[in-house]
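Order-wise, the sequence lines are chains A and B. Under our numbering, think of the first position of the first sequence as 1, with each following residue one higher. Under our numbering, think of the first position of the second sequence as 1, with each following residue one higher.
Treat each hint with caution, since some may be false.
What the hints assert, rightly or not - With a straight-line cut-off of 30 Å between C-alpha atoms, the simulated DSS-like cross-links for lysine-lysine are: (1) A:Lys62 - B:Lys55; (2) A:Lys11 - A:Lys62; (3) B:Lys70 - A:Lys78; (4) A:Lys11 - B:Lys112.
Please keep in mind that the hints were generated in silico from the structure rather than gathered at the bench.
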Amino acid sequence: DARVTQTPRHKVTEMGQEVTMRCQPILGHNTVFWYRQTMMQGLELLAYFRNRAPLDDSGMPKDRFSAEMPDATLATLKIQPSEPRDSAVYFCASGLAPRGSGEQYFGPGTRLTVT
Amino acid sequence: AQTVTQSQPEMSVQEAETVTLSCTYDTSENNYYLFWYKQPPSRQMILVIRQEAYKQQNATENRFSVNFQKAAKSFSLKISDSQLGDTAMYFCAFMRIRMYSGGGADGLTFGKGTHLIIQP
Chain A
1 DARVTQTPRH
11 KVTEMGQEVT
21 MRCQPILGHN
31 TVFWYRQTMM
41 QGLELLAYFR
51 NRAPLDDSGM
61 PKDRFSAEMP
71 DATLATLKIQ
81 PSEPRDSAVY
91 FCASGLAPRG
101 SGEQYFGPGT
111 RLTVT
Chain B
1 AQTVTQSQPE
11 MSVQEAETVT
21 LSCTYDTSEN
31 NYYLFWYKQP
41 PSRQMILVIR
51 QEAYKQQNAT
61 ENRFSVNFQK
71 AAKSFSLKIS
81 DSQLGDTAMY
91 FCAFMRIRMY
101 SGGGADGLTF
111 GKGTHLIIQP
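Please put together the full structure from these sequences, using the hints given.
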């Protein structure tokens with residue numbers, strides 16, 4: 001049963017601390033997406049990668065957020081320094097392009113709370 | 001840029017009834033997909049149904065079907081014989097098909113969601 005995995009599932013941290021969220025895409029998928037969900041803004045695309053190269057990170061605050069894919073099995077989203085307004089659920093999703101169905105498979109999310 | 005609008009923040013129906021969730025979108029693109037995702041209290045995002053814009057035939061998946069009106073930029077979801085397990089947030093989403101940078105799908109643009117409650 002192929003799934004996207006995310007760690008940690010929950011993270012509580014203090015303002016100013018560094019936060020790193022990890023995602024393992026489904027084996028063989030070449031596209032990885034990061035989304036953020038908040039009550040106020042809903043679901044927003046932060047960034048995405050294809051074949052480990054960043055294709056679009058226009059939704060991501062550049063001053064404190066960074067996203068990388070060190071290898072095909074790991075994507076990371078880092079916030080440094082974290083702020084209370086970063087509290088949200090962060091989803092990773094993976095898919096296959098260009099020959100895929102367009103479907104994105106979502107991980108369970110990381111619930112981040114910054115106090 | 002694309003926008004997706006779901007005008008019904010919350011809906012409530014009785015079990016076994018049919019319910020329709022509305023979604024409209026705005027885009028200048030011609031090649032795209034549309035999706036409905038379900039998010040139960042567990043927070044997991046679950047794909048319900050997808051529609052390719054170039055297909056005129058409306059997609060169906062068991063009790064779920066869509067009414068896709070491309071000219072009107074409308075994409076509604078119909079749930080027949082609703083069940084208690086259908087209670088969830090439902091999100092309409094748009095995906096542009098990228099014609100450059102190797103082709104393939106783009107990121108999703110989501111609507112704000114409709115909270116659907118199925119009453120016993």
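The hints, checked one at a time:
1. A:Lys62 - B:Lys55: 38 Å, violated
2. A:Lys11 - A:Lys62: Given that 30 Å is the threshold and the Cα spacing comes to 21 Å, the pair holds.
3. B:Lys70 - A:Lys78: Violated - the C-alpha atoms of lysine 78 (chain A) and lysine 70 (chain B) are around 39 Å apart, more than 30 Å.
4. A:Lys11 - B:Lys112: Within the cut-off at roughly 25 Å; holds.
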